[in-house]
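2 protein chains.
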Amino acid sequence: MKAAVLGAGYMGSAITFPLTHRGIAVNLWGTWLDDDMLSSCRRGKHPRLQKPLPAGVRLLPSSELQEAVDGVQAVFIAVSSIGFIPVFSKLLGCGGIKEAEIYVLTKGIVEYQGKPERISRAAAAMFEKKFGQQPLWVSVGGPVKAMELAHGIPTLSIYGQNSKAVPDISRFRTPYYRIRSTYDGVGVELCSAFKNVYALLLGICDGLYGQQDRLYHNFSALLFSQAAAELKEILSCSGADPETVYTAAGIGDLYVTAQSGRNRRYGELVGRGMQPHKAYQKMMRDQEIAEGYPGLKLGLRYVKKLCIERRLPLLGSLYTIIVEAGNPEKILTRFASGL
Amino acid sequence: MKAAVLGAGYMGSAITFPLTHRGIAVNLWGTWLDDDMLSSCRRGKHPRLQKPLPAGVRLLPSSELQEAVDGVQAVFIAVSSIGFIPVFSKLLGCGGIKEAEIYVLTKGIVEYQGKPERISRAAAAMFEKKFGQQPLWVSVGGPVKAMELAHGIPTLSIYGQNSKAVPDISRFRTPYYRIRSTYDGVGVELCSAFKNVYALLLGICDGLYGQQDRLYHNFSALLFSQAAAELKEILSCSGADPETVYTAAGIGDLYVTAQSGRNRRYGELVGRGMQPHKAYQKMMRDQEIAEGYPGLKLGLRYVKKLCIERRLPLLGSLYTIIVEAGNPEKILTRFASGL
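Chain order of the listed sequences is A and B.
This note's numbering numbers the first residue of the first sequence as 1 and each following residue consecutively.
This note's numbering numbers the first residue of the second sequence as 1 and each following residue consecutively.
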């Protein structure tokens, strides 16, 4: 079997490990932002993952997308959410894509025709316009930190299919990369998108209280359970199966994102008193993108489109903290005392 | 209003803070194990909570249970699970108890007439035998670390009522002690009992990998979501509402117990290589009781009584690690690779 991975950042590079483990021939294509990354990989280590990519992975620069997807059965898309629409649009211009299986690791809500939209919905519209049919689509989620996947840490991923036509995903399973599947692809992608946003809150709580052994675990557990309840509301109102929140795709991913990673770190900076936009810029300078920050703005527009923002008071509190630069401690304490 | 709190350890003492905050007159009764604790409180600080109890809390030694409950409307029981049956039995011998509201903060499965049983079920049988009716019973759960409650950290507790006759629990609510109620008392008590057990696993995972910045968050998130799924199975097969797992009583409490506290610390010791029974004894010497350790044995007997142990593979793995002293890393890795 032959597969292309689009995007040579953390997740795209990490997924090449289980794929090659299973004997799949992998073309790793870098976007126009990834050229430096590919050069580093050619010289030795992947600069983010801090280890060489598996032997045999073919590296292809942004100019060679057609070459990258030529004759592949599966395309894994792992570009950033901002890059998704332009990359997918280019992909549709390539030959042989109509029948390919498409696995999407990109997380988030995208802007499509001026409106906030789920990635799979925007992509399906684009695909249908081009080919007059739906793509063979799988939204990939679950608690998967790329760095850990690349280092063979036991990991569970959830593959959300959009139809029964997608072939058996057990072809990608390894002893350390476990996969469960569901037909609730919409639920999986919404969990992936919004857990990044809610994880900011757990980071903020840690930043506010987690120094000098201050006590705050009751508070952060309260936020965690409210985040799960609001995720459920978002899925419910989007036609997804609300139960998906309670699988590894939802609470599992929220848990891991609250424990470690860029969104949590971003929240911590804000909790410690840094202005939200400055914290984002500081991380950008360190080449760390906290996707929850732009994700929050798009996410709020998405829930407003569904007219459910009033049912999501914690999301509203987060918006006040991050976008309106409100005082985190006051706002979160007020939120808790209103429960 | 007048209330008695039975048990002067962490949780019993902590609950006196919101109660007195609401102007309730509180008698704090210590068991025969708490006499030293009460003496310390009289001299100044509560030795566990590291602060004085609220002014006006009346301290009563184990010999004065009748005095403690005389004329009270509500009895809060916060003794250890091992102490529950003997204390409840004594309580039933006191005058004026038949009409009292009973709030139970004790967590765990108890041994009743030689069998593992839910606390509320054992107590209901004892109460009915004595008075020919059911008690006004509320199982109290949710992510509540006693130390944090005593220090006014925003906290959400879940009160699971067994009938509509129990009066309004908003009488106990303060700005920092929030309460939600449910009629699924059985779900609340089972979550409280089993989350202590499953939290051992998150501690073990931390102990195994959490040193020297090793990567393991994917793995612990996988365990967290599996623990939630198994809790749901246990509730389902006990006639409780499985959805209760997904509230603060379930995932919220599992979250806080995984982050901090004695059960997590116990798990960490085992993860770092200490023999399970030695780790328990070490903590006992430091006057720290990890209730998840005896809770695991009783818990496994409870699920065997329901004949569902095969549907709980993670609980089985934990049993192999703790009771049969199996190698934690091997057993957990094998568990993950079987998903």
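One or more hints might be untrue.
Copies of the same chain look alike in the list, so a pair counts if it fits in one copy or across any two.
Stated by the list, open to error - Calculated pairs, DSBU-like style, for lysine-lysine (alpha carbon to alpha carbon, straight line, at most 35 Å):
1) K45 <-> K282
2) K45 <-> K330
3) K2 <-> K304
4) K297 <-> K2
5) K278 <-> K129
6) K98 <-> K129
7) K130 <-> K45
Think of the hints as simulated: they come from the structure by calculation, not from any bench.
A quick note: this is a predicted structure, and the numbers were derived from the prediction, not measured.
We went through each hint and held it up to the structure:
1. For the identical chains of this complex, K45 and K282 are intra-copy neighbours only, at 25 Å inside a copy versus 45 Å across copies, given an alpha-carbon limit of 35 Å.
2. In this assembly of identical chains, the alpha carbons of K45 and K330 lie at most 35 Å apart only when taken from different copies (30 Å versus 45 Å within one copy).
3. Taking the shortest alpha-carbon separations for K2 and K304, neither the intra-copy value of 41 Å nor the inter-copy value of 47 Å comes in at or below 35 Å.
4. For a Cα distance limit of 35 Å, the shortest separation of K297 from K2 qualifies neither inside one copy, at 37 Å, nor across copies, at 50 Å.
5. Taking the shortest Cα distances, K278 and K129 never come within 35 Å of each other, neither inside one copy (41 Å) nor across copies (66 Å).
6. Within a single copy, K98 and K129 get their C-alpha atoms as close as 12 Å, which meets the 35 Å cut-off; across copies the closest is 72 Å, which misses it.
7. When the C-alpha separation of K130 and K45 is checked against a cutoff of 35 Å, the pair qualifies neither within a copy, at 39 Å, nor between copies, at 73 Å.
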